[in-house]
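Chains as they are written, first to last, in the working numbering: chain A, 52 to 479; chain B, 52 to 479; chain C, 52 to 479; chain D, 52 to 479.
Rather than coming from a laboratory, the hints here were simulated on the basis of the structure.
One or more of the hints may lead you astray.
No distinction is drawn between identical chains; accordingly, a pair holds when it is met within one copy or between any pair of copies.
Stated by the list, open to error - Each computed DSS-like pair below joins lysine-lysine, with the alpha-carbon atoms no more than 25 Å apart:
(1) Lys109 - Lys457
(2) Lys457 - Lys387
(3) Lys114 - Lys457
(4) Lys332 - Lys114
(5) Lys391 - Lys185
(6) Lys340 - Lys109
(7) Lys391 - Lys332
There are 4 protein chains.
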Amino acid sequence: MQNTKLDFTISRLGECRFLSPMSTMHFADEEERVLYDNDPRVVARYLRAGGTPPSLEKAGPRKMIFFDPSDLRCGIVTCGGLCPGLNDVIRAIVMSLFYNYRVRSVYGFPYGYEGLSPRHNHHPVKLSVEMVAKIHEQGGTILGSSRGQQDVSEMVDTLVRMKIGILFIIGGDGTLRGGDAIAREVQRRGLEISVIGVPKTIDNDISFVERSFGFETAVSEAGKSILVAHAEATGARNGVGLVKLMGRESGFIAAFSALAYNDVNYCLVPEVAFTLERFLKRLEERLDKKGHAVVVVGEGAGQDLMEKTLERDPSGNIRLGDIGSFLRDRITAHFKNSGKEINLKYIDPSYTIRSVPANAHDSAYCLLLGQNAVHAGMAGRTNMVVVDWGIGFTHVPIPMAVSRRKRIDPDGWLWDAVLASTGQPREI
Amino acid sequence: MQNTKLDFTISRLGECRFLSPMSTMHFADEEERVLYDNDPRVVARYLRAGGTPPSLEKAGPRKMIFFDPSDLRCGIVTCGGLCPGLNDVIRAIVMSLFYNYRVRSVYGFPYGYEGLSPRHNHHPVKLSVEMVAKIHEQGGTILGSSRGQQDVSEMVDTLVRMKIGILFIIGGDGTLRGGDAIAREVQRRGLEISVIGVPKTIDNDISFVERSFGFETAVSEAGKSILVAHAEATGARNGVGLVKLMGRESGFIAAFSALAYNDVNYCLVPEVAFTLERFLKRLEERLDKKGHAVVVVGEGAGQDLMEKTLERDPSGNIRLGDIGSFLRDRITAHFKNSGKEINLKYIDPSYTIRSVPANAHDSAYCLLLGQNAVHAGMAGRTNMVVVDWGIGFTHVPIPMAVSRRKRIDPDGWLWDAVLASTGQPREI
Amino acid sequence: MQNTKLDFTISRLGECRFLSPMSTMHFADEEERVLYDNDPRVVARYLRAGGTPPSLEKAGPRKMIFFDPSDLRCGIVTCGGLCPGLNDVIRAIVMSLFYNYRVRSVYGFPYGYEGLSPRHNHHPVKLSVEMVAKIHEQGGTILGSSRGQQDVSEMVDTLVRMKIGILFIIGGDGTLRGGDAIAREVQRRGLEISVIGVPKTIDNDISFVERSFGFETAVSEAGKSILVAHAEATGARNGVGLVKLMGRESGFIAAFSALAYNDVNYCLVPEVAFTLERFLKRLEERLDKKGHAVVVVGEGAGQDLMEKTLERDPSGNIRLGDIGSFLRDRITAHFKNSGKEINLKYIDPSYTIRSVPANAHDSAYCLLLGQNAVHAGMAGRTNMVVVDWGIGFTHVPIPMAVSRRKRIDPDGWLWDAVLASTGQPREI
Amino acid sequence: MQNTKLDFTISRLGECRFLSPMSTMHFADEEERVLYDNDPRVVARYLRAGGTPPSLEKAGPRKMIFFDPSDLRCGIVTCGGLCPGLNDVIRAIVMSLFYNYRVRSVYGFPYGYEGLSPRHNHHPVKLSVEMVAKIHEQGGTILGSSRGQQDVSEMVDTLVRMKIGILFIIGGDGTLRGGDAIAREVQRRGLEISVIGVPKTIDNDISFVERSFGFETAVSEAGKSILVAHAEATGARNGVGLVKLMGRESGFIAAFSALAYNDVNYCLVPEVAFTLERFLKRLEERLDKKGHAVVVVGEGAGQDLMEKTLERDPSGNIRLGDIGSFLRDRITAHFKNSGKEINLKYIDPSYTIRSVPANAHDSAYCLLLGQNAVHAGMAGRTNMVVVDWGIGFTHVPIPMAVSRRKRIDPDGWLWDAVLASTGQPREI
């Protein structure tokens with residue numbers, strides 16, 4: 052880790068004055084923390100320097116809570132692109148508020164931050180335990196979603212008007228920044244509103260999150276397209292199956308799909324540059340030798356090979372060049388020029404991958420994320436996210452969570468395993 | 052049925068002189084036929100006129116066979132686009148030849164009719180029972196496929212050179228016409244080579260075939276895209292999920308998907324014309340009322356709405372206009388003009404649908420098709436296909452099978468059921 | 052067919068006096084029938100004898116209907132064991148009544164015929180379109196089920212008290228007999244209550260029904276157990292995977308599973324007797340040669356090998372001996388005696404098979420069954436079932452439908468195909 | 052952690068004298084370790100006492116290796132019960148030896164340790180890359196498995212005779228103890244044979260392993276039975292769905308299934324005692340209120356309620372009482388006595404759960420386990436297992452890995468989450 056100073060202090064709304072109604076639960080010890088870095092040499096270095104090695108607050112229910120449950124109203128909002136597990140998290144929050152804390156007033160704000168803005172005239176939906184009981188069996192989000200920000204002050208006005216005590220925000224980078232802005236405005240006005248985030252990123256690219264919810268479901272779905280690409284590639288002379296997978300800046304879906312599904316011959320990710328010439332040469336060699344090839348490309352890969360664009364999507368992300376159709380066109384053109392007839396099939400399963408229901412792992416994981424988000428909010432934490440950093444659930448301040456992206460290390464074990472699995476050369 | 056004269060006479064290579072080695076099997080009665088039309092009024096009409104109502108020869112093993120199994124060499128070729136079940140049919144043919152008739156020389160010709168043409172320099176693969184034992188667990192075809200015809204005379208030369216007695220062709224309309232040409236050339240030369248077809252059409256559009264192999268798997272896969280389209284449509288304000296499904300001239304996949312998956316709000320098929328104006332109006336009304344919509348469109352629908360093209364694909368089919376992207380663009384443009392922000396997601400699962408392994412129904416069905424194709428060939432039938440016309444397996448002459456396409460009757464029960472299921476108006 | 056006299060006349064409550072509200076639908080022609088037997092020789096024989104070949108009334112909407120939709124109240128009841136597709140049929144009936152005929156009063160009677168008996172004190176549930184919209188995504192039946200009869204007179208009293216005009220009964224043999232009794236009592240009292248059945252039999256053993264709803268889903272689920280049995284059998288020295296499948300009197304699930312999943316080495320069904328000695332000898336030979344074996348047995352197979360019982364289940368069926376554990380014990384004992392160590396794994400997936408949601412095929416099929424049941428009831432038909440006899444949907448009188456069971460013909464094509472697929476000898 | 056002394060020193064065969072042929076790989080730093088306990092207070096305590104906090108050696112490829120790849124012969128053996136992912140691990144080991152180290156001689160010993168014993172007369176199979184390419188698509192193990200030990204000296208003789216340099220053992224507790232014995236005998240004789248274990252436990256109960264391979268697949272499969280149990284329970288009056296899941300001493304499968312599938316009302320695990328009286332009372336209350344219940348029980352739960360047995364299985368484990376049938380019988384008897392008719396369906400999906408192919412997550416995980424096992428063996432490590440302790444892959448000495456079981460902490464977050472999810476009281 053480059054940063055020498057990592058401050059994981061979690062903001063609190065104030066002192067916890069109420070006894071938790073969860074009389075039979077085991078409460079987290081307020082002092083319990085987990086080391087951020089488990090390399091003994093790093094820890095020793097901190098201690099030699101007289102400092103404290105950075106650590107994170109553990110998640111879990113607290114004996115003393117900040118809000119009076121009988122009086123509390125909560126809100127939930129889902130933002131950004133779809134991701135398997137959104138409904139699971141919504142459901143877990145509603146269930147935990149109701150069954151663990153007897154909170155009966157939970158509102159879903161429709162269509163992301165739009166639902167918090169009076170300009171859009173959406174109406175919050177009161178969520179009951181019955182309403183959410185089965186929603187995790189469906190993909191998507193029952194609340195709807197939208198991209199982009201809304202006026203922070205207006206959103207806080209809505210929270211105040213609706214007497215919301217805890218706002219749960221489920222979303223990615225941009226959404227969490229919006230949550231940070233809301234939390235700051237809340238603090239500026241001296242309000243007692245907690246903002247608790249559950250980081251959503253199908254790309255698995257948020258720092259301090261080992262495996263983001265929905266990611267395993269996504270890899271599993273991606274694999275179906277790889278099997279199809281392989282059937283198409285082997286079903287035709289010089290068949291090429293080209294699959295574009297999600298991954299704007301981090302190629303984790305592409306990389307893990309290549310590990311789980313060995314039919315992949317080339318895996319291209321945003322973190323590892325490649326040249327078109329070398330790639331086409333490798334592909335041609337393989338077709339000559341084997342008669343077919345399967346190529347998987349993360350959407351953010353090879354951006355330097357295409358014309359730059361300055362357009363942005365409503366979330367504020369720069370619109371990526373479409374590497375999938377770019378490669379399709381270039382591969383086709385290349386072999387047309389060289390007089391070799393090939394059969395390329397291009398598959399883009401993005402909507403399918405993000406819209407299926409969560410698998411068993413992600414369902415259980417989302418349940419725990421939602422429960423811990425509720426515990427954090429009830430205990431008066433704010434401007435933080437609940438994450439599992441491979442060491443149990445912990446709290447991380449939103450500003451820290453969005454401070455940088457998690458990416459594949461081209462010099463690390465994961466990329467080495469991908470190269471070993473695909474058999475592709477390091478230089479491509 | 053309009054045709055008054057339907058001649059279902061099956062061509063034969065000659066007299067059956069060998070006793071079937073299947074001593075314990077039950078043999079089909081040579082006289083057994085099934086009525087083509089089961090309407091008692093039609094049958095009575097034929098009989099009143101002193102004629103015979105048209106009927107089809109029943110499929111099944113015969114006691115006396117034409118070929119000497121110990122001496123026989125067979126060939127298999129798969130042509131055209133992929134379809135679930137191709138490997139199942141290949142496997143069933145090899146297994147039945149080996150276990151039922153002790154035929155040990157079965158060759159797979161690679162890449163469709165190309166494999167029969169000396170120009171392409173492909174090498175036939177000798178197929179053993181061990182090699183094909185597990186192939187049905189994978190999509191695609193282990194033989195590879197290609198589109199388009201090859202020189203008929205050259206292909207027959209190959210069959211002669213390789214001493215092939217029965218050629219099994221698995222393919223669609225164009226492939227079967229090719230098979231007819233081969234059978235005629237064989238007859239012209241006075242050869243004893245049988246040509247037996249297994250009709251392949253994921254669109255389910257071949258006449259005299261009730262449900263073509265792979266069709267049920269296709270509908271099931273199509274349904275996954277409909278669920279995704281629904282999750283996407285409900286996950287965004289004014290969400291529209293648009294799914295393009297296969298169906299060049301017949302919309303059976305779209306229609307049955309709409310029956311099996313009730314999230315479909317509009318089902319557009321080639322057989323039923325629609326105007327863009329009316330469709331856009333209906334869509335807008337629905338978005339105003341419900342906030343989302345799912346549209347399924349068969350690829351051959353709405354061709355009159357687009358610019359005509361005269362291009363043809365290698366199979367000789369006219370290249371269809373791409374109704375999927377056409378609708379996507381028109382819907383987007385329409386709402387941009389009318390100032391309503393919508394969220395359209397366009398899903399084209401075609402490769403996935405055609406490349407998955409067959410489901411249990413199609414696997415069992417392909418097994419029976421393959422076995423009956425072998426029985427027909429061994430009994431010296433030629434220039435025919437094996438079909439299940441809902442009344443058991445029967446033989447149909449290739450020229451009759453390709454004489455017209457099966458299509459949805461806009462005035463029939465199926466389309467009525469689709470309208471009832473989607474709730475869409477008859478006029479759209 | 053043995054019976055020379057097959058009377059398929061459908062009972063009617065009276066003259067149809069109301070115009071169907073389905074103005075845009077295409078109505079079935081009242082004269083339209085389909086031949087019961089499509090063998091031209093059979094038809095000719097009838098005609099030569101001056102008779103009419105037996106035929107069935109076609110299903111479908113009628114222009115004139117018996118009931119006044121604005122005034123009609125309908126009931127639905129599900130009886131007997133679970134079967135994939137029950138919820139699909141319930142849903143289709145409610146949807147069709149509402150959308151096609153604007154009938155708004157539909158009641159579900161809970162727990163089978165118990166729900167119609169005042170003794171059990173269950174309360175009928177009013178079913179709305181919203182309530183049933185998603186139920187087909189779950190297995191089981193939302194109405195609950197029970198086995199066994201109730202007092203017919205009391206059930207009719209309930210129908211009268213609740214002013215039910217059409218009672219839809221979804222169930223097997225025993226249930227349909229109960230429906231016949233209700234229809235006779237209704238007629239005796241001169242009431243205008245229609246009784247329409249949808250035959251439910253996961254065993255696929257009802258006459259005049261080509262493939263009963265849920266059957267394909269059942270075969271597909273059964274296949275998962277076969278794959279597991281194969282993994283277990285090959286994973287241990289002298290491994291034997293033994294799978295018991297449903298099929299009290301007809302072994303269709305076992306037979307089609309053996310066709311769809313080629314890992315089956317022995318398929319035992321109720322229709323084909325076998326001796327324990329021969330079977331154990333064959334098994335031993337196979338273990339010596341191949342080291343593993345997969346055996347599939349239909350629950351009604353080999354009943355003559357076990358002690359007879361006279362017990363009956365609440366549906367009135369004789370309790371079958373448990374052939375699965377019987378075989379497990381006998382195989383184990385045999386090899387213990389002969390000193391060969393084997394590893395037998397016994398798998399009974401019955402509950403799983405019957406409780407999963409319907410697959411795409413069965414979903415679409417149940418939709419059409421439900422719609423046609425509604426059309427039949429609205430047109431005043433009674434004491435009949437809706438079936439697909441491979442020739443489109445038709446009406447069959449209940450007494451005829453339950454007059455005999457459909458069974459595998461040991462001398463027919465299906466059993467031959469099973470023998471060819473498993474490689475097992477005819478004599479076992 | 053109770054133990055104050057945790058020695059994670061890994062045994063080595065000797066000095067690494069060969070340069071790894073993986074010229075482009077990134078090698079693990081020999082000094083790199085990870086802290087075993089990430090609680091900062093624990094670490095501080097060690098340091099205050101002048102000691103070193105316990106840590107584990109990191110897994111990964113080493114620049115210098117012990118064996119000369121050109122000369123090396125390796126063996127693989129799979130022992131104990133089946134588990135999803137066995138074939139994935141076999142495949143990964145063969146692939147990594149071949150592609151990463153150019154080792155061409157890899158032998159599979161059939162049927163567990165039996166394959167290493169001359170008494171059983173099994174013949175080792177030479178494994179090629181082609182042979183293992185697709186095996187991960189099937190459940191079970193292509194090598195076969197067996198339970199129980201063999202004579203250690205004889206097994207080492209076999210290794211010597213076959214000139215095996217690295218023996219990879221994939222198995223549970225007992226298997227690993229056997230591996231420890233082999234490694235000790237190897238050391239006693241002064242041989243250069245490495246023994247590398249990959250811990251297999253579908254119960255997820257091996258210490259220092261966060262999530263054992265196959266566990267996620269198992270939970271996912273278990274969930275299908277829970278859905279079925281729910282359909283059965285709701286489909287009958289007073290329906291009870293009872294599901295027995297694996298878990299001899301640790302109830303992780305039951306617990307995570309209850310988290311992922313919310314239809315579970317009671318989850319019983321070996322770690323948490325319950326009384327029959329209380330449980331039956333709770334169940335009765337629930338049936339009175341809701342009319343149905345789903346109960347999940349881990350196989351080792353409630354052993355104190357049944358007669359003790361002293362029998363052992365061939366692996367040396369005490370035969371557990373069958374809690375599933377015990378509960379089934381007791382529940383049935385209880386309600387028969389109390390005169391309430393219930394409908395209990397008992398489901399035991401154990402064979403299915405353990406014999407399905409690994410899901411995407413487990414496939415990728417097994418690949419990494421296999422690769423790291425190969426790296427460890429090549430670097431001359433021995434008597435150790437490769438594990439992922441949630442902090443990346445590490446090496447753990449076999450004696451330490453089998454020193455105690457991992458179990459659910461009844462006072463920890465997991466059990467609390469289960470209680471929150473099922474709604475069952477802590478005391479049952």
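Tested hints:
For the homomeric pair Lys109 and Lys457, the shortest alpha-carbon distances inside one copy (21 Å) and between copies (21 Å) are both at most 25 Å. In the homo-oligomer, the alpha carbons of Lys457 and Lys387 never lie at most 25 Å apart, since the shortest distance is 39 Å inside one protomer and 37 Å across protomers. Taking identical chains as interchangeable, the C-alpha atoms of Lys114 and Lys457 are never at most 25 Å apart, the minima being 34 Å within one chain and 27 Å between chains. In this homomeric assembly, Lys332 and Lys114 never come within 25 Å of each other (Cα to Cα): the closest approach is 64 Å inside a single copy and 30 Å across copies.
For a Cα distance limit of 25 Å, the shortest separation of Lys391 from Lys185 qualifies neither inside one copy, at 53 Å, nor across copies, at 30 Å. When the C-alpha separation of Lys340 and Lys109 is checked against a cutoff of 25 Å, the pair qualifies neither within a copy, at 54 Å, nor between copies, at 38 Å. In this assembly of identical chains, the alpha carbons of Lys391 and Lys332 lie at most 25 Å apart only when taken from the same copy (13 Å versus 48 Å across copies).
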